[in-house]
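S.K.: Using the sequences and the accompanying hints, generate a full structural model.
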Amino acid sequence: MEYNFREIEQRWQKYWQQREIYKVEEDPSKKPFYILDMFPYPSGAGLHVGHPLGYIASDIYSRYKRLSGFNVLHPMGYDAFGLPAEQYAIQTGQHPEITTEQNIRRYREQLDKIGFSYDWSREVRTCDPEYYHWTQWVFIKMFDSYYDTAKEKACPIDELMGHLNRFGTEGLHAACSEEVEITAAQWKTMGEKEQQEFLMNYRIAYMGDTMVNWCPYLGTVLANDEVSEGVSVRGGHPVEQRLMRQWCLRVSAYAERLLSGLDQVDWTDSLKETQRNWIGRSEGAEIHFELDRPEDPLTFTVFTTRADTVFGVTFMVLAPESELVQQVTTAGQKEAVEAYLQQTKHKTERERIADRRVSGVFTGACAINPLNGKRIPIWISDYVLAGYGTGAIMAVPAHDTRDFAFARHFDLPIVQVVVPEGEEATDPATWDDARDSKSGTMINSDFLNGLRVSAAIAKTKEYIAEKRLGRIKVNYRLRDAIFSRQRYWGEPFPVYYKDGIPYVLSEDRLPLVLPEVDAFLPTESGEPPLGRAKGWHTPEGYPYELSTMPGFAGSSAYYLRYMDPHNRKALVGKEKDEYWRHVDLYVGGTEHATGHLIYSRFWDKFLFDIGLVCEEEPFRKLVNQGMIQGRSNFVYRIKDTNRFVSFGLKDRYEVTPIHVDVNIVHNDRLDLDAFRAWRPEFATAGFELENGEYICGWAIEKMSKSMFNVVNPDDIVARYGADTLRLYEMFLGPLEQSKPWDTNGIDGVHRFLKRTWGLFYEQNSDKLRVDDAKPSAEELKSLHKLIRKVTQDIEQFSFNTSISAFMICVNELSALKTSSRSVLRPLLILLSAFAPHIAEELWHATAADDEEPESIVNAQWPQFKEEYLVEKSVTYPVSFNGKTRFTVALPADMDKAAVEAAVMASPEAAKWLEGKEPKRIIVVPGRIVNIVL
1 MEYNFREIEQ
11 RWQKYWQQRE
21 IYKVEEDPSK
31 KPFYILDMFP
41 YPSGAGLHVG
51 HPLGYIASDI
61 YSRYKRLSGF
71 NVLHPMGYDA
81 FGLPAEQYAI
91 QTGQHPEITT
101 EQNIRRYREQ
111 LDKIGFSYDW
121 SREVRTCDPE
131 YYHWTQWVFI
141 KMFDSYYDTA
151 KEKACPIDEL
161 MGHLNRFGTE
171 GLHAACSEEV
181 EITAAQWKTM
191 GEKEQQEFLM
201 NYRIAYMGDT
211 MVNWCPYLGT
221 VLANDEVSEG
231 VSVRGGHPVE
241 QRLMRQWCLR
251 VSAYAERLLS
261 GLDQVDWTDS
271 LKETQRNWIG
281 RSEGAEIHFE
291 LDRPEDPLTF
301 TVFTTRADTV
311 FGVTFMVLAP
321 ESELVQQVTT
331 AGQKEAVEAY
341 LQQTKHKTER
351 ERIADRRVSG
361 VFTGACAINP
371 LNGKRIPIWI
381 SDYVLAGYGT
391 GAIMAVPAHD
401 TRDFAFARHF
411 DLPIVQVVVP
421 EGEEATDPAT
431 WDDARDSKSG
441 TMINSDFLNG
451 LRVSAAIAKT
461 KEYIAEKRLG
471 RIKVNYRLRD
481 AIFSRQRYWG
491 EPFPVYYKDG
501 IPYVLSEDRL
511 PLVLPEVDAF
521 LPTESGEPPL
531 GRAKGWHTPE
541 GYPYELSTMP
551 GFAGSSAYYL
561 RYMDPHNRKA
571 LVGKEKDEYW
581 RHVDLYVGGT
591 EHATGHLIYS
601 RFWDKFLFDI
611 GLVCEEEPFR
621 KLVNQGMIQG
631 RSNFVYRIKD
641 TNRFVSFGLK
651 DRYEVTPIHV
661 DVNIVHNDRL
671 DLDAFRAWRP
681 EFATAGFELE
691 NGEYICGWAI
701 EKMSKSMFNV
711 VNPDDIVARY
721 GADTLRLYEM
731 FLGPLEQSKP
741 WDTNGIDGVH
751 RFLKRTWGLF
761 YEQNSDKLRV
771 DDAKPSAEEL
781 KSLHKLIRKV
791 TQDIEQFSFN
801 TSISAFMICV
811 NELSALKTSS
821 RSVLRPLLIL
831 LSAFAPHIAE
841 ELWHATAADD
851 EEPESIVNAQ
861 WPQFKEEYLV
871 EKSVTYPVSF
881 NGKTRFTVAL
891 PADMDKAAVE
901 AAVMASPEAA
911 KWLEGKEPKR
921 IIVVPGRIVN
931 IVL
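Numbering-wise (full-length UniProt numbering), the sequence shown opens with residue 1 and increments by one.
For the record, the hints were derived by calculation from the structure and aren't laboratory data.
One should not assume that every hint holds.
Stated by the list, open to error - Label-pair restraints from in silico Cβ distances:
| no. | residue 1 | residue 2 | range |
| --- | --- | --- | --- |
| 1 | N744 | A898 | 37 to 43 Å |
| 2 | T801 | P657 | 34 to 40 Å |
| 3 | H95 | E507 | 26 to 32 Å |
Stated by the list, open to error - Each computed SDA-like pair below joins lysine to any residue, with the alpha-carbon atoms no more than 25 Å apart:
| no. | residue 1 | residue 2 |
| --- | --- | --- |
| 4 | K576 | E226 |
| 5 | K569 | Y579 |
| 6 | K785 | N764 |
| 7 | K153 | R306 |
| 8 | K467 | P297 |
| 9 | K702 | P297 |
| 10 | K865 | G915 |
| 11 | K785 | S804 |
Backbone N, C-alpha and C define an ideal beta-carbon position, used for all residues, glycine too.
M.R.: If you want it as structure tokens, here you go:
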């Protein structure tokens with residue numbers, strides 16, 4: 001009987017869907033297990049073969065856990081808001097809701113073809129008002145909360161107002177944008193508007209002035225990952241740094257908890273380290289410096305982790321966007337400073353961090369070192385960031401590589417701080433360079449003499465605090481999240497303005513639904529697209545916020561909504577959250593390490609603080625899949641002709657390599673007719689062939705439409721079947737590694753499935769070969785080797801080696817002509833996690849005559865039994881003087897004396913002894929017998 005994968009896969013996909021096989025309900029009698037794929041954005045291009053890699057891995061694990069008796073939640077949905085859909089709407093005039101719906105239908109069709117075990121009854125879409133109702137609800141809760149640094153949790157803003165009413169800011173422990181001191185009397189004399197503005201300094205969701213990536217052409221703020229080399233990733237439009245008033249989330253308040261929480265999760269060390277570096281905890285001191293301008297005094301603060309090096313400060317540097325720039329720049333330097341600011345405004349902070357080129361400009365002003373009274377010139381450079389510390393640094397070039405490079409570039413002094421009788425407070429390599437420079441000098445550090453570095457740092461911090469020259473402080477690199485986008489296609493803010501002050505809607509007015517607009521562009525006056533909406537105000541006439549929320553708003557808590565997607569009264573019901581608790585396994589790309597994963601963890605911790613969720617960490621185990629790269633193919637056109645020469649002949653001519661669509665190439669052989677039909681200019685192409693074939697060149701590159709190396713999974717499914725695609729993607733290599741897509745090996749995987757089919761059916765017949773014969777020891781050994789291997793591999797996410805194990809087992813069982821139902825049906829259960837369609841087909845076909853089979857999805861994972869792998873006999877190689885002459889099979893439990901006696905009694909031994917008496921007989925039990933003559 002032929003393996004008709006098309007018919008088989010369509011039949012069982014329909015079966016699973018009609019019977020809602022993958023639908024899951026909370027079941028207290030079963031242990032829950034929650035498996036999640038990172039939220040996909042449904043682009044118009046659909047899936048290419050790289051996208052399903054992580055989905056296939058999570059699906060294998062989901063099926064395995066379900067077969068192992070767990071109640072598995074495995075949902076899917078769509079991160080449906082975003083810039084691509086909006087830009088397409090601007091270009092075509094088509095509403096992004098329409099194109100998003102079309103893209104989702106396309107994604108769903110492709111996902112269904114691959115046979116994933118998703119519970120589609122729990123599907124969520126961020127653009128659905130029923131979904132973003134709860135995003136708006138969380139925003140309101142954040143607006144109405146502040147972070148109590150003593151309790152280390154979010155608390156109601158009403159509690160903070162009560163404290164202000166009684167004590168002012170005295171004794172207030174609250175994360176804030178700016179340290180401010182007021183008395184209770186001052187608070188009480190404020191009007192409502194003034195009080196609301198003051199509270200904005202403490203709210204977790206707040207409005208603040210912040211530097212953003214502003215794209216004038218797109219009319220919106222862009223995230224760092226939407227900008228590259230000063231232009232937007234989408235469209236390549238210029239982007240500049242601009243100070244704007246934006247909605248922000250006080251993520252920085254949770255920095256320490258985000259750090260400590262990493263000890264509670266099963267993530268890779270590299271991913272944890274990436275997050276630790278992004279959060280960037282550093283202990284140090286803030287030091288006050290005064291501007292050397294007695295007639296117009298100004299004090300500003302710098303943060304340093306090496307307070308002991310303050311004696312080595314030779315200049316100071318301000319971030320270009322620091323408000324201090326305008327305050328300190330002298331008239332004579334104003335023109336030069338303005339030119340430099342224009343130069344740096346097109347670089348994102350991420351690009352500035354990575355850029356090691358030195359640039360800067362002198363402000364014309366100097367500050368006074370508070371510890372030794374020396375004048376210090378103040379410069380501006382883009383290697384200093386406004387969002388880290390105070391946006392101003394004290395530069396100690398002998399102790400910092402970037403300061404050193406800056407000093408060398410601008411010929412500034414380099415001073416080494418030494419502590420006599422202690423150790424040098426520097427990196428020796430840096431100081432070797434400094435001593436060679438003409439300006440390198442060494443100074444003592446006064447009261448630090450004789451102290452080692454750690455003691456010197458502590459002593460300096462104590463001195464600074466004692467003399468009120470600053471304060472000891474822990475600082476974090478983590479910034480508050482900018483939460484506004486000047487776009488249309490995003491969640492509306494549940495915010496209205498009364499007398500210019502923002503207020504949030506009452507919860508009974510949610511969701512605030514995205515309005516219709518006549519165009520998706522900013523208004524003529526520069527307002528965001530929502531400024532075009534008619535009647536965009538409350539029933540009382542107060543205008544709504546015109547910005548929308550960013551993409552990460554809807555994706556930060558989607559995992560919670562999957563637990564309870566149809567609940568109209570809460571984001572997630574308490575009983576549902578307490579049952580599922582957290583995501584047990586999260587599969588996705590490393591590109592989300594410093595964006596989505598930070599924001600989701602912050603979001604979850606806030607919801608934990610307000611009592612909505614029962615656990616602080618949302619994702620218990622995280623697995624990052626690698627990237628599937630494209631395998632590009634090339635044809636070689638002979639210069640100034642329309643003739644193409646095969647790869648092996650190209651060196652005979654002057655040729656131009658041209659990317660060719662990989663879908664018209666098979667095993668590097670070009671389909672000549674398809675090539676001529678591919679593009680009009682190739683319709684009359686001629687070819688020089690090798691052995692009657694055109695061989696293409698190839699290279700491994702990023703999968704991209706511009707390189708014509710995008711492979712559509714639909715084409716693979718149509719040609720080989722979904723089960724082949726699933727197996728092949730896992731067979732390409734270790735899950736976490738990037739690897740090239742190469743269709744040259746897919747035939748071998750497809751042949752394996754045909755061999756598996758051949759185990760069950762007579763050749764060229766629809767007669768089953770399956771019976772109730774008692775399995776032999778060899779058959780049980782082969783099966784249980786497979787059970788052990790596949791179980792271990794799935795637990796370790798080593799799916800590629802599982803495929804190899806399946807191939808070995810099928811070959812062994814084929815050689816043994818296995819027909820035993822008690823061997824073949826457990827094999828199918830194992831295979832069903834990887835290739836569910838063929839396994840379901842054969843599972844039903846091999847059911848006993850008196851049995852009404854359920855879906856294989858509801859079967860039980862086979863249990864490995866060690867006893868079947870215990871060898872009953874051992875085959876001994878028998879050597880004479882070190883050369884193997886024959887083998888003999890003996891019982892495995894036979895002792896050395898018995899082995900020796902049995903070997904010596906064999907006819908083969910008599911032949912090689914030739915009547916001689918052996919000088920020595922060496923027996924290694926279970927291994928070898930060597931007879932020395």
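S.K.: Which numbered hints does this structure break?
M.R.: The structure conflicts with hints 1, 4, 6, 7, 9, 10, although it agrees with all the remaining ones.
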